[in-house]
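Trainee: So you can see what is in the structure, the chains are spelled out below.
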Amino acid sequence: MIGAPDVVALARQEEEEAAAGGGAEAWREPPLPEEYSVPLAPFGGHGASPWARAGGSKFLRDFILVAEFSEQVGPQPLLTVPDDAKVPGSFDLNYFSLRIMSVDYQASFVGHPPGCAYPKLNFVEDSKVVLGDSKEGAFAYVHHLTLYDLEARGFVRPFCMAYISADEHKIMQQFQELSAEFSKASECLKTGNRKAFASELEKKLKDLDYTRSVLHGETEIQKKANDKGYYTTQAIEKANELASVEKSIIEHQDLLKQIRSYPYRKLKDSDFHPYEPECAPDQASVGSDQDLAASDLAEPGETTPYSHVPSYTPKLIKAKSAKCFDKKLKTLEELCDIYFFTQTLDQLHQIERTFRGDVCYLLTNQISRALLKQQSITNFLFEDASFLDEKAPEKHYRGCQELGQDAVERKCSEESPTPKVVVSLGSYKSSVECVPIKMEQDIDDPPEPAMTESITFEHQENLDYLDADIKGSISSGESIEVLGTEKSASGLTKSESQASLPISPSPQAGRSKVGSRRTVSEDSIEVLSTCPSEALIPEDFKASYPSAINEEPYADDEEGGLRFAPRLNPDDADEPEDGSNPENPAQVDSACCIGKESPRFLEPLPSPGPRPCDEDGVVRIPPQPYRQAEQGPCGGFAGSPHPDGVPGGLLPHELDSRYPAGGRELSRTSLDECSDSTSYISSAASTCSDRTPSPAHPPCPASERHKKKAGQNALRFIRQYPFAHPAIYSLLSGRTLIVLGEDEAIVKKLVTALSIFVPSCGVRAKPVKHWLTAPLHVVDFQRWKLVGLQRTASPAGVNVLHALSRYSRYVSILDADSKTLRCPLYRGAVVARLADHRTQIKRGSTYYMHVQSVLTQLCSKAFLFAFCHHLHLPVAESEPEEAVASRRVSFLKHHLGLANEDLKIVQYLAELLKLRYIQEPGQGANPLLRFDYVPSFLYKI
Amino acid sequence: MLRWLIGGGREPQGLAEKSSVQTIGEEQIQNPYTELLVLKGHQDIVRFLVQIDDCRFASAGDDGIIFLWNAQTGEKLFELHGHTQKITAIAPFSSSDDSEEKSNLILTASADKTVIVWDCTTGRQVQKVSCFHSTVKCLTVLQRLDVWLSGGSDLCVWNRKLDLLCKTSHLTDAGISTLVELPKNCVAAAVGKELIIFRLTASSDKSEGWNILEVKRLVDHHDNILSLVSVNDLTFVTGSHVGELIVWDAIDWTKQASECNFWESSVHPDSQTEIKLSQSPNETSVQHLTSDEECVFAAVGKGIYVYNLQMKRVIACQRTAHDSSVLHIEKLPNRQLISCSEDGSVRIWELREKQQVPAEPVPTGFFNMWGFGRANKQANQAAKKTQENTTMHFLELVGDLIGHSSAVQMFLYFGELGLVTCSADHLVILWKDGERESRLRSLTLFQKLAQNGDLQLKF
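Chains B and F supply the protein sequences, listed in that same order.
Residue numbers for the first sequence follow my numbering, so the first one is 341 and each next one is one higher.
Residue numbers for the second sequence follow my numbering, so the first one is 16 and each next one is one higher.
Bound-form chain B, shown alone (with noise of 0.2 Å):
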């Protein structure tokens, strides 16, 4: 954890505060590296809070809408998540919808193409676009995708879902993410569209089947009974219909194929699979749309045939029957399978979980967890064991992913002979009065078939996005600003020129498409914000639907929660990635988002220079996402230990051991003003307080509050217990500390609040006990490293007490009832800084926060400690070990800067990392006990 949210309120105060003495002048510290640091409020103007409202919007918080471009109709919103009226207010939904609908520009067109005999379906890829209505105050991440319709006009139903706030910046800063989960929710719908299509088709296709058999029969029966040698026009009549409804069923037969052909086109160029609808020509021929559902709920990810064969009959149709406007269009839930459809609710509560809040917290929150997959060497010793499972899950799935891909293969195999001849291209107009947008693409430059997957095009491929994406930015009429767009016309035009190829049927070919469909992207906005695999996929994807996943298997290795993993060939994977990469999507985003007209990424990367502050001390700057490209210095810590440590970024400065204080003092004046949990009172806190809702994070809802908890109840310790220190120093440097008392509750809340300090060995859970009513044995302190324990009266209670009494060399205790704590001395600085019992912070998160980051420090420099060569091997062959000894200690005293007991708290650390270090992966780790001979003081209040 690096930061914290309302460390960034009221940088202001500090600075006044070091105006006015001199002496805290001490705090001022070289700044943290760019890529650490936070920027503070970053949007606030003179004076204002960082979260008051932005004029004018009439809705309480952000929130997604669904709305539909319905040919009957014209846009209309369908849906909102959270779906509670109270959010969007006043907020004029169908105003809204007009507004994010009229910006798809490039929505499909499907029908008859010129020059071709049968319609033909788009493939068209989403559209993603940002754009502000300054009347309404709001401002939409919107994303636009079609469906299919048999019924529709055109085949297709334009529908978009729009992440809405009233901070723009929010959405700009977030439009990667937003784009990625927004994809999954949309791959998902149009995932269960493709097979409610499909097997709309087949109906269609039995129905046209029947109604011919029969026409055929009337025909035959004419035949026989007209003997005259000319045709009646009765006669004539019927074999035009039937010639059609011949034509019909050729048309619809294409049209199957076409939508079969989909998920291996998609398979083949995107690492993200979310479900692959199962519809081999035997099985979806006969499935209907209901059985479809119902199987999937019972059986997910089940491939197997259906053992049974749904009847399905026929019905007749008339002729012109294909094209009837009069019914009712089809709702989006039958328009894409219930499952389907309650998924994709499922992801859209996600993202809103997911993108609640500041925007400042979720950058906060990114960095560090990007920063956090480097250490993971010392991440085991306090953070989450929660935050660092996230990819856990995806290890379980790496047996199935072997036999999808098996499958993806025996398809590509199976379906390479057909080759494809999709091209649609042109400009679409909608038929609402829109603003009819030219598509802009490079036909007459087809890329060469040698060319699709060479890592060359996707250069080129990038500067055609970006040329149509100037271009495409426009501005319509006076409360639309189309701030931001991205369309995939140069995508397509790949996409489909590449579909357009005759695929060789040789199996090797289609084995190497697979192998290498990373390197292509189909989708603009792949390239853009390639997203990690795992979190294209929804949770509950990944649960119910294992094999259908088809991910990587090394792609966890490269994916980080914000690295924007360029799309390299694997051998290019190995190359330094250097600022001027053309292909940073961080500087295509803003290039296209800001609209600026020159092509910023042929410019090197921006150096972190210093930031620009105004008169009020707020840094202008927004936190940037953290991006892969900076990550060369302090990439060391990941799992390249320098030889010597120091280089690799950590300046002498910065491992001072007196700056962090200063990020202290900063969090400290930051609450004052700020909103507090506990000290409502302040008007401005209120306000500001109702556009901030806590954030909850949808992996750990429980664990966030459990640290607000334990934070909260750390801070009331530190207050209340003038020996908090040395207690704290106790858990710190490994040795048990005991918390005896006879109310249990009392007990809890204390070991609670002092599980924050404990560093975990190396197994999941931490060390704590919460209660114990047995007396303690000498296991007991290896396997745990805070324990609550009983004080009763009866003799089995003096039993524990002897026990306690006899080990009382390897154990700390805090007596809760007499409030005393017997413990070794502690002379150092860090418990001091960690627990300053005059800190002004008030909330149990922020203290939370602000331990996480001291406790960070600590662990970087248990780090170095721990591997450093030269601190524990001999330089020389003759170097007597006392030499070395000596070097240790000088390192750990001068370099470190740390004083007396500190340094046995980084040696503890440091014991910890080399243990699990060298822990042989199949076997636990040895518990073994370390300790000292240390003399106990008791400490009285």
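Honestly, I wouldn't trust all of these hints.
As the list claims (entries may be wrong) - Some chain F residues flagged as far from chain B (calculated, every beta-carbon gap over 10 Å):
1) I60
2) D69
3) L92
4) L120
5) R159
6) V234
7) F461
To be verified - Quick look at which bits of chain B chain F covers, simulated, 3 or more residues with Cβ under 8 Å:
8) 1118 to 1124
9) 1140 to 1150
10) 1248 to 1257
11) 1269 to 1277
Stated by the list, open to error - Derived Cβ-Cβ restraints for the label pairs, each shown as a range:
12) I1086/B / I44/F: 34 to 40 Å
13) K143/F / V1215/B: 55 to 61 Å
14) A1223/B / R159/F: 45 to 51 Å
15) E90/F / L1213/B: 23 to 29 Å
16) Q66/F / I1086/B: 47 to 53 Å
Rather than coming from a laboratory, the hints here were simulated on the basis of the structure.
Since this is a predicted model, take the numbers as computed values, not measurements.
Every residue gets a Cβ at the ideal spot worked out from N, C-alpha and C, and that includes glycine.
Here the structure of chain B is known, so what remains is to put chain F in place on it, guided by the hints.
Mentor: Using the frame of chain B, we list chain F on its own:
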């Protein structure tokens, strides 16, 4: 401590304050053991520890299971099941042949009247002998003759292939309690109050066979002989339940010296009178003996006595070294002595020459600073006072190891690797030098880093 825990300002009633046992504070600079590993596995009292080679040892006890452990890592190597009742004796039996590769065998005897030979490399049972009439209480390997002896109600001699070479007639129902090898193919067996010397002679008819003959019966002890130890080729020592310590000549089996009144030895060091004890015999029974070239160290009751063979007197003692009986003592090369006791503690002593200036009082932790520690301090001084005019040496407590919750039955000193203790609380604890372990871990760490190739810069 306990008083503080129980709370309030009541007057001291805890055990620690009353006892006159010398205590050491929590600050133990000379105690190297700052890391411990608890080895779990046994389900009953662990009574025996035996070293197999440089880094392995076996533990055995009342659950009849033998565990083989790695002394460095604490890893459990093998779990040997075969006995149905508690183990009564255990002895390592490594081969002396140079022709074969060195095989490490151990012999175990159990109350189920069997002896099993185990192979420590494979963890397999090599052979089992179950033709005993009584429980085998002691096992001795005579490496020189490549035979082993089992002592129960009779004494049997076996060769490596587990052929019974010869046996004595039925000696007593109680059986042989201890055996010790003496020069000239002799063994001394303690049978009750008697000490019987047997001699092995090559049989006249067969080249392979041996005969065993009773040579002499020594009846100088007044009570059961509990301990029997060979000092060197010329002397061996016995100790009895009533506190008699007799030094014997190993060649002609005559009594060289005896010490029987340990409780008064300090006052009258030269007194040779063998007065029957009036004290409770438990207080004075010689539980265990060990020796180096100069001295015999005796665990007598709760105390430890150092008997100098040349001066023929006790040169140093610690009358109440532990809170209860000392079960095992061992001399370390560095003038240190380790003792373990029924009170569950292990103590490390150092034999020091008496100086003119009394040694600095041992700091006793916070009690001193807070003024609570007077009781302890007085105890310390009292303990020292008793030694003052009597001995030239004294035993200084340099550290104690507290980990077991019940009697520590035995321990095994592994030199650099540490110390292994076994106890009635079913645990085996491996005590290690934390500094050394930390260094070793660093070494392993960098080896692993080099293996993984993580030392190369990745950026």
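Trainee: Decide, hint by hint, whether the structure agrees.
Mentor: Verification of the hints:
no.	hint	in the structure
1	I60	16 Å, holds
2	D69	20 Å, holds
3	L92	13 Å, holds
4	L120	28 Å, holds
5	R159	40 Å, holds
6	V234	44 Å, holds
7	F461	6 Å, violated
8	1118 to 1124	holds (count 3)
9	1140 to 1150	holds (count 9)
10	1248 to 1257	holds (count 4)
11	1269 to 1277	holds (count 9)
12	I1086/B / I44/F: 34 to 40 Å	38 Å, holds
13	K143/F / V1215/B: 55 to 61 Å	56 Å, holds
14	A1223/B / R159/F: 45 to 51 Å	47 Å, holds
15	E90/F / L1213/B: 23 to 29 Å	25 Å, holds
16	Q66/F / I1086/B: 47 to 53 Å	50 Å, holds
Violated hints amount to a single one, hint 7; each of the other numbered hints is respected by the structure.
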